[in-house]
Amino acid sequence: MQLLLFNAFNGLIQGVFYALMALGLALILSLNSVINMAHGGFLVIGAYLAYALSPYLGFWGALVAGPVLAAAIGLVVERLLIRPIYNRSDPLYSLLLTFGLALIVEDLTRTIWGPQGLPLEIPDVINSPVSDVYFFVTGYRLFVIGITTAAVVGLYLLLRYTLLGIRIRAGINDLETTAALGVNIYRLRALNFGFGCLFAGLSGVLAAGVLGLTPPMGNSLIMPSFVAIIIGGVGSLFGAVVGGLIIGLAAGITTTYYPAASEAVIYLMMLIVLVVRPRGLFGEEGLFE
Amino acid sequence: MNRKITIAAMWIALVALPWWLPLIGGYTALGSKVLIYAIATMGLNLLLGFTGGLSFGQAAYFGLGAYGAGMTLKYLAPSTPLAILIGTLVGGAAATLLGPLVMRRRGIYFAMITIAIGQLFYFIMVRWNEVTGGEDGLAGFSRQDIHLGSWIYRLDETNFYYLVLIGFTIAVAVLWVVLQSPLGHTFVAIRENRRRIEFLGVRVERYIWVAFSIAGFITAFAGTLNALLFNFTSPQDLHWILSGNFVIMIVLGGMRSFFGPLIGVIIFVVAQDYLSSITGNWMTFIGMIFVLIVLLFPRGVLGILARRIEAL
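For the protein sequence lines, the chains are A and B, in the order given.
If you're matching positions, the first sequence starts at 1 in our numbering and goes up one per residue.
If you're matching positions, the second sequence starts at 1 in our numbering and goes up one per residue.
Just so you know, these hints were derived from the structure itself, not from any lab.
Just so it is clear, CB atoms sit at the ideal spot from N, CA and C, and this is done for glycine as well.
Hints may be right or wrong, so weigh each one.
[Stated by the list, open to error] So, partial list: chain A residues that the calculated Cβ filter (under 10 Å) puts toward chain B:
no.	residue
1	Ile35
2	Pro84
3	Asp107
4	Leu108
5	Thr111
6	Ala170
7	Asp174
8	Leu175
9	Val234
10	Ser262
11	Leu271
12	Leu274
Build out the structure end to end from the sequences listed, making use of the hints.
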């Protein structure tokens with residue numbers, strides 16, 4: 001029982017990273033119509049910049065600086081590379097472009113910081129176990145859950161109640177009409193891409209505290225995030241979060257009983273969802289069908 | 001007429017490759033690798049370029065073919081033809097079974113599902129250690145000379161190249177026949193205007209399934225040859241990075257032309273071979289190739305050439 005709880009909790013934490021990552025991906029997918037294969041790249045950028053800056057800014061400063069810098073780099077990338085290809089109707093090109101970026105980021109990270117894993121120092125205040133019996137419930141993990149909840153709720157409030165959020169939702173629904181109503185959709189898409197990268201960066205810093213930093217970490221987290229979106233349902237941000245948590249938990253629980261299948265299980269779950277409910281748990285009907 | 005001369009020249013160059021490639025600093029196995037990737041990408045292009053199905057997980061079927069062939073030789077029987085047959089059937093059957101799950105979706109979603117499904121096989125091969133060799137890959141098998149009655153075809157490097165060339169010829173013939181048939185015309189029509197074809201009463205999903213299946217069989221066939229070329233296969237042969245490479249090779253050569261993928265493969269494989277020999281950061285350069293192709297040459301080499309000729 002202890003082992004099951006241990007693995008389930010580990011899985012949940014992993015699921016939190018998937019969910020954050022999938023949320024950013026889903027935002028970019030919905031409004032920018034881009035599958036951002038470089039999303040793992042932005043995660044890595046956020047994590048490594050936080051690592052590099054933490055001696056100067058401390059953990060708390062780095063926790064803010066990492067994601068913000070990832071978002072800033074995301075804005076530059078969007079402006080220079082992705083904006084020129086929005087008008088290509090075939091989604092193939094943005095996929096290939098961001099794919100190339102993913103390779104570049106992984107390789108450059110390896111060149112700059114080396115292939116070996118690096119630890120991200122976490123302040124003692126939040127790093128001690130909360131209970132002796134449930135030793136795996138460290139303060140940091142609860143902190144991860146707390147920050148993530150705050151970020152998700154923050155995004156919800158932004159989308160629900162601010163003018164920017166309303167415009168983003170309108171754009172997701174019908175970009176042309178939104179543009180015709182006088183909204184600068186180029187700026188809107190740029191900002192949205194930035195938000196997506198912010199979530200990737202946040203996921204990176206938080207994940208670094210648990211898993212440490214390695215150059216391929218981003219590209220190995222991106223596939224489960226795809227699965228999270230497919231299970232949750234394309235077009236549903238809420239679905240992406242739920243999907244991420246579900247597959248994290250499933251992988252964790254599988255680790256207890258059959259560790260070798262802990263990765264394959266999430267892809268199997270995806271197949272089952274595709275058979276039983278092709279549009280995903282919360283997906284909209286008619287999207288990409 | 002011009003086209004016929006070009007194609008004849010291409011076949012002559014391919015047949016004579018073991019003589020001229022070493023003269024310019026290459027090696028015959030590189031030629032085999034190019035042809036194998038050409039089979040895989042031309043098969044994929046039936047789906048990608050001609051039917052408009054954005055498959056981004058094709059390496060899965062390539063890798064399944066490779067593992068199928070390797071495991072046949074290692075565990076079942078020391079026969080090269082049997083290995084090719086079983087590998088092709090395994091990969092092709094997997095694509096055929098999974099086709100119904102992807103065929104309903106379009107565009108980005110189609111791409112996402114195909115990538116994610118590919119990862120399933122990747123993790124099976126990584127984790128099923130005792131049978132697949134896990135992370136280190138499947139080794140301990142080697143291609144066997146082919147016995148036809150009393151005649152023996154020894155599979156040394158050059159002879160294996162010719163086996164691959166025969167395979168390439170068969171794949172090209174199959175694809176050509178398919179594309180010239182009503183089936184092939186339907187594929188192209190789906191790419192051009194899916195909705196219109198639907199209104200004509202054509203069951204578009206079924207055709208996409210067929211294209212997915214054919215592409216799967218051909219890619220798996222290429223995978224079997226790849227395993228035999230190196231007498232080795234590893235999970236990298238089913239990784240999404242290889243899938244992405246396949247797609248960029250197609251785009252680089254020209255996804256609207258029949259032989260486009262071959263051109264793309266030649267450029268990409270040679271560039272990769274060269275870059276990895278001069279720099280440890282070859283991945284960055286490959287990534288930059290991706291970005292530059294998308295921004296500057298989205299039509300690919302043959303696409304640009306075709307435009308030039310039209311303009312003349």
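Quick rundown of the hints versus the structure:
A least Cβ separation of about 5 Å between Ile35 (chain A) and chain B falls short of the 10 Å threshold, and the interface hint therefore holds. Given hint, Pro84 (chain A) at the interface with chain B, holds; its Cβ is 7 Å from that chain's nearest Cβ, closer than 10 Å. Hint status for Asp107 (chain A): holds, given a least beta-carbon distance of 4 Å to chain B, under 10 Å. A least Cβ separation of about 6 Å between Leu108 (chain A) and chain B falls short of the 10 Å threshold, and the interface hint therefore holds.
Hint status for Thr111 (chain A): holds, given a least beta-carbon distance of 6 Å to chain B, under 10 Å. Because the closest C-beta pair between Ala170 (chain A) and chain B is about 20 Å apart, greater than 10 Å, the hint is violated. The interface hint given for Asp174 (chain A) is broken, as the beta carbon of that residue sits about 17 Å from the closest beta carbon of chain B, more than 10 Å. Restraint check, Leu175 (chain A) versus chain B: the minimum CB separation of about 15 Å is more than 10 Å; hint violated.
Satisfaction of the interface hint for Val234 (chain A) is found here, the shortest Cβ-Cβ separation to chain B being roughly 5 Å, below the 10 Å cut-off. The restraint placing Ser262 (chain A) at the interface with chain B holds, with a minimum CB-CB distance near 8 Å, inside the 10 Å limit. The beta carbon of Leu271 (chain A) comes within 7 Å of a beta carbon in chain B, closer than 10 Å, and the hint placing it at the interface holds. With its C-beta approaching chain B no nearer than about 5 Å, Leu274 (chain A) sits inside the 10 Å limit, and its interface hint holds.
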